[in-house]
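S.K.: Same order as they appear, the protein sequences are chains A and B.
Numbering-wise, the first sequence is residues 1304 to 1676 according to the numbering used here.
Numbering-wise, the second sequence is residues 10 to 440 according to the numbering used here.
No wet-lab data here; the hints were simulated from the structure.
Bear in mind the structure is a predicted one, so any value in this text is a computation, not a measurement.
Hints are not guaranteed to be accurate.
Stated by the list, open to error - Quick list of in silico lysine-lysine cross-link-like pairs, DSSO-like style, CA-CA up to 27 angstroms:
(1) A:K1651 to A:K1622
(2) B:K253 to A:K1344
(3) A:K1502 to B:K16
Unchecked claim - Derived DEER-like restraints, expressed as beta-carbon distance ranges:
(4) B:E356 to A:K1652: 33 to 43 angstroms
(5) B:R191 to A:Q1551: 38 to 48 angstroms
(6) A:I1647 to B:V21: 41 to 51 angstroms
(7) A:I1647 to B:P24: 54 to 64 angstroms
(8) B:V218 to A:L1387: 33 to 43 angstroms
(9) A:I1540 to B:R211: 22 to 32 angstroms
(10) A:K1628 to B:K360: 35 to 45 angstroms
(11) B:V21 to A:Q1551: 23 to 33 angstroms
(12) B:T222 to A:I1509: 45 to 55 angstroms
(13) B:Y244 to A:R1489: 26 to 36 angstroms
(14) A:S1386 to B:Y244: 26 to 36 angstroms
(15) B:R211 to A:L1387: 34 to 44 angstroms
(16) B:G282 to A:S1416: 14 to 24 angstroms
Built from N, CA and C at the ideal position, the CB exists for glycine as well.
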Amino acid sequence: MPLSLMEGNEAIAWGAVNAGCRFYAGYPITPATTIFNTMLKLLPPMGGICIQGEDEIASIGSCLGASMAGLKVMTATSGPGLSLYSEHISFAIGSEIPIVIVVVQRLGPSTGSATRGADGDIQFMRWGSSGGLPVIVLAPVDINDCFSLTMHAFNLAEEFRCPVFIASNKEIAMTKESIDMDAIPRPELKERAAPPPGKPFLPFEIGSDRMAPCFLPIGDEVLVRQTSSTHGPDGYITTDFDQIGKNQERLRKKIVSAVDSFSFCEAYMEDDADTLVITYGVTARAAKEAFMDQKGEGKPVSLLVLKTIWPVPEDLIKKKAKSFKHVVVVEMNLGQYVREIQRILPDKKIHFFGQMNGKLITPHQIKEAIANV
Amino acid sequence: MSNLLNKSRPLVFCPGCSHERIARILDKSFQNMGLNGNQIAMVSDIGCSGLFDTFFNTHAMHGLHGRALTYATGLKLARPELNVVVTMGDGGMGIGGAHILSACRRNLDLTLLVLNNFNFGMTGGQFSATTPPDAQVGSGFLNRIERPLDVCEVACSAGATYVTRCSAYRKDLEEEIERAIRHEGFSVLDIWGVCTGRYSKRNKLTPQVIDETLAKLPPREGIVENNDRDEYGRYYREVSESQKPTPPPAKIEKKFDPPESGRQEVIILGDAGQRIITAGDILCFAGLTAGLNVTQKNEYNITVLRGPSISELILSPEDIGFNGIDRPAAIVAIGQEGVDRRANLFEHLDKDALIILAKGVEVPPGNAKVHLIDFKKQGIKTHDRALASLSVLAKLNKVINPEMLQSALEARFKEPVLTSALGLVDRVDIA
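Isolated chain B (complex conformation):
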């Protein structure tokens, strides 16, 4: 195979820099694999490792610091057949930590080469996430008081399926890189090297010292048995194929005339867990069965099953513009927290406005008519009271009628929920 190194862009690393050696070895790995340039995407990070994409006649993407894995993820998901190789320094590994964890967890078939030379070469030799505490670097004493990170241990615990820690001077590095690229899953190579421009000026770091240091660490070499599992992209496509297409939202035909003319506004005031939003949906569907335009605005706290839950509905034969509500035709008041949240609503109500009030809930004084219902006595549970209140509205021919409500339930629910909802609506006693 031909050499993929870019003849018009010669390597520009400092004399003795390990990056140069790794670039040449990576090219040999590509050649050994018989790959053409267009079968490879080099995604490079920032810093000296960020120059890698320019040295190869391959597809290339170079972006912001620490984010190379994010672009690689998009590329690989969109082009599963591409060999996507990411080069990143110990700096990019540190700032992009969340992306490394996520790549390990996903196991998308990317190859990450961490060109680990223990400092930020390009910006002046500052300490990185891998700088030993006893090193002399460009960040004064700061590296002395932090602990370096072992990316291999992190990768293994985050679920990477292939992890190797090695020296840039390792004899079979070209075979090891090939094994990592051929591995179907996320592979991480933590390749230790010498930064002659910065780091090794003040710190004794030679190929021999690297070997000695690596020998003292637990070995990390290749496949991580405990993490073995499906490759993300293949798995994603497999699961996707079994997903049913989502049909467009149901279209509701006009079948009825509404009991009242003009724009009708309704507010349902309740507590979280009372199915207030679902009741709002159903009221909207009921409006659609009468050919009305509808809007639904909901309000609830960030706490999921605590706090008020409010649904504001407008049903109108005209286009609905502004959809704030201050003079509703009807209020459903079935939960104290919702009522309290909108306490200032009541004193301005028109005298022909109707409040469906659950016994036990207190509303502020006002002009509106109150229709009190003792849901407890009727055996209607708190989470059914919103729907039961719609039944009260329908039976009173306020805003909706029983046919609209029944048709809305048929549109909104499937069996067995439909039968139980229809049963509930039927048995509500409005007296």
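Pulled out of the complex, with its shape left as it was, chain A reads as follows:
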């Protein structure tokens, strides 16, 4: 089959337009900039809009406006820009505005190393907005994931009316790889649900069979209200404690309770192993090599590569880890996701290997971590 050559970032852009994205706004920052470059080539000729915001706050802000006008929207940045996105991430969470946010991680803190890879913003994506409500985060391993997980991210944003993050990494984003885009399985596209006919529209009314409100765009015939204030079904600010509490719980539950339906992963299970390696992102590539080596050397381990990071796919992890004594968590930071594994597998021996020096974790290092168990 004939192959093409492109960057992970380009594959994200192609995935986005194939998912129906028609509005992109971003501010230049390495290693995310080539997503903007690609969207600028793709969107205007197809009637879409791609703009460069005056800063990251404006970029994501204009995305929220365009999303409320009914378009599928995306923005992309790296750690320093993610900091600036924070207030609008919480707006998108609390006011249920669909948006895909690509975070191409680079080594922090702060401006950090421009530009080395890291997975240092894994907890930041989850907790870096006011209110502490959950978000969805998907983590690609390679260029094929960049394409397909982006399509899934749009579907999830539409279905649950929420921000969905792609947790990329400089080492995937700016690495060029051979790809056969046509061979990548594509999910059926989902659109935000229109309200049932025959009833006055309330922008945040929750039908008995739904977890997220139905959507009408700002600008059509029926009036639509959107607000960042804590609101009732009518979209006006509310002071009703009962209504506030129930809505907060629904915002939490609509994301957390659904994770089994989107727990993307790759699992390589070996019957004779007593150790399970858990990892995600670019590190999974080294882990797969370590897995093959261990098997070849007659010292098999099992490997779980998580592609849905948040909400934590707890059932999946518990199920996969069930028969193992030891779990080795490997990540390109000094210990972030391992906290979740410790939390949900209190009876296992949890080992950790992390590195944050701008270099890829190697298969050899992972094998050493396994040997130290």
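Based on these hints, arrange chain B on the given structure of chain A.
M.R.: Relative to chain A, chain B alone:
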């Protein structure tokens, strides 16, 4: 036309507050224009002006402090037919300064009403970007030692096409707001008013004082001739329509067998400006012509035309997992800065690894074979040496062969670059 004020959400401003007057006048402007609620989006900021969206039966979006123009931008670009009206206080104008500058520069057809009452009413009367230095406000002495900002002057210098400074008590305010909404472009109305809840308790500010103060300032009224130009949205769509669709990336068919079996790793070490990354691309394309999977990782400094430039390539018949390289089959060493950055690579090289070394570049000692090329003597300029080195690899049948390289160049370049690249590759002497 019917009144668009929301009967179930009566105005809740302090007695005597100018905001109430402006809300009623804005409604009259909408009526005069014959607009229905669904032809309007009210985008409101934070503070007392942030209540505006709730008082109207229109589309509405209310968000974070200072950011109203950002939502308005997305809405208007997505829905060009909507009348998008933004209400913001002097507080939102201050914190959202970058967005105001940008809106002025873009000239997207939005209407910004700055409800300027010289302080933060809702949070306790602190000073804002427009508080006069001699005012008594809730920020102690701080406003005395800063200078207030004239949003009209700022807007004009930033390129706004419609700027008016006026009093909330101006007799024809409803006509002026209508003119601003009808203006095709970004319009800013700096509307001075009285905050009875906070500001005017300690400061003498009445409609008459406002008029007297405005009379002393240079007038700003309506269209700014010097800034006249196309509206951004219309212009954007016009330019977009002339853009050619971008085809999917080229697909490269397998045409050849590679000269060597198994996974091959190559590192190109050079200096910025030596077209190292382009050479990496070409090597990848060459791999694709032999049906191989490829990856390319590049490294360069933030300085654009200074510093090392490095491209790491893997060509493999198998799926490529981990793509770090520590034992390359070949190294192209054509720039000292790239070599120095990876100096620790050399001592671990296998003895059948090959280094294509440009004369004048020094590499640390190691076991690998060195193939020295005097590019200067062959008249090959420094920015052509990366591609010339690929020609050396191909002619030595190392990793790639000449057919793969030629086919890669045909895939990667168009004329006239292609002919000159093919010529260069052809004339490289490997002896």
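S.K.: Against this structure, judge whether each hint is valid.
M.R.: A quick look at each hint next to the structure:
{"no.": "1", "hint": "A:K1651 to A:K1622", "verdict": "holds, 13 angstroms"}
{"no.": "2", "hint": "B:K253 to A:K1344", "verdict": "holds, 9 angstroms"}
{"no.": "3", "hint": "A:K1502 to B:K16", "verdict": "holds, 21 angstroms"}
{"no.": "4", "hint": "B:E356 to A:K1652: 33 to 43 angstroms", "verdict": "holds, 39 angstroms"}
{"no.": "5", "hint": "B:R191 to A:Q1551: 38 to 48 angstroms", "verdict": "holds, 43 angstroms"}
{"no.": "6", "hint": "A:I1647 to B:V21: 41 to 51 angstroms", "verdict": "holds, 48 angstroms"}
{"no.": "7", "hint": "A:I1647 to B:P24: 54 to 64 angstroms", "verdict": "holds, 58 angstroms"}
{"no.": "8", "hint": "B:V218 to A:L1387: 33 to 43 angstroms", "verdict": "holds, 40 angstroms"}
{"no.": "9", "hint": "A:I1540 to B:R211: 22 to 32 angstroms", "verdict": "holds, 30 angstroms"}
{"no.": "10", "hint": "A:K1628 to B:K360: 35 to 45 angstroms", "verdict": "holds, 43 angstroms"}
{"no.": "11", "hint": "B:V21 to A:Q1551: 23 to 33 angstroms", "verdict": "holds, 26 angstroms"}
{"no.": "12", "hint": "B:T222 to A:I1509: 45 to 55 angstroms", "verdict": "holds, 51 angstroms"}
{"no.": "13", "hint": "B:Y244 to A:R1489: 26 to 36 angstroms", "verdict": "holds, 35 angstroms"}
{"no.": "14", "hint": "A:S1386 to B:Y244: 26 to 36 angstroms", "verdict": "holds, 33 angstroms"}
{"no.": "15", "hint": "B:R211 to A:L1387: 34 to 44 angstroms", "verdict": "holds, 36 angstroms"}
{"no.": "16", "hint": "B:G282 to A:S1416: 14 to 24 angstroms", "verdict": "holds, 23 angstroms"}
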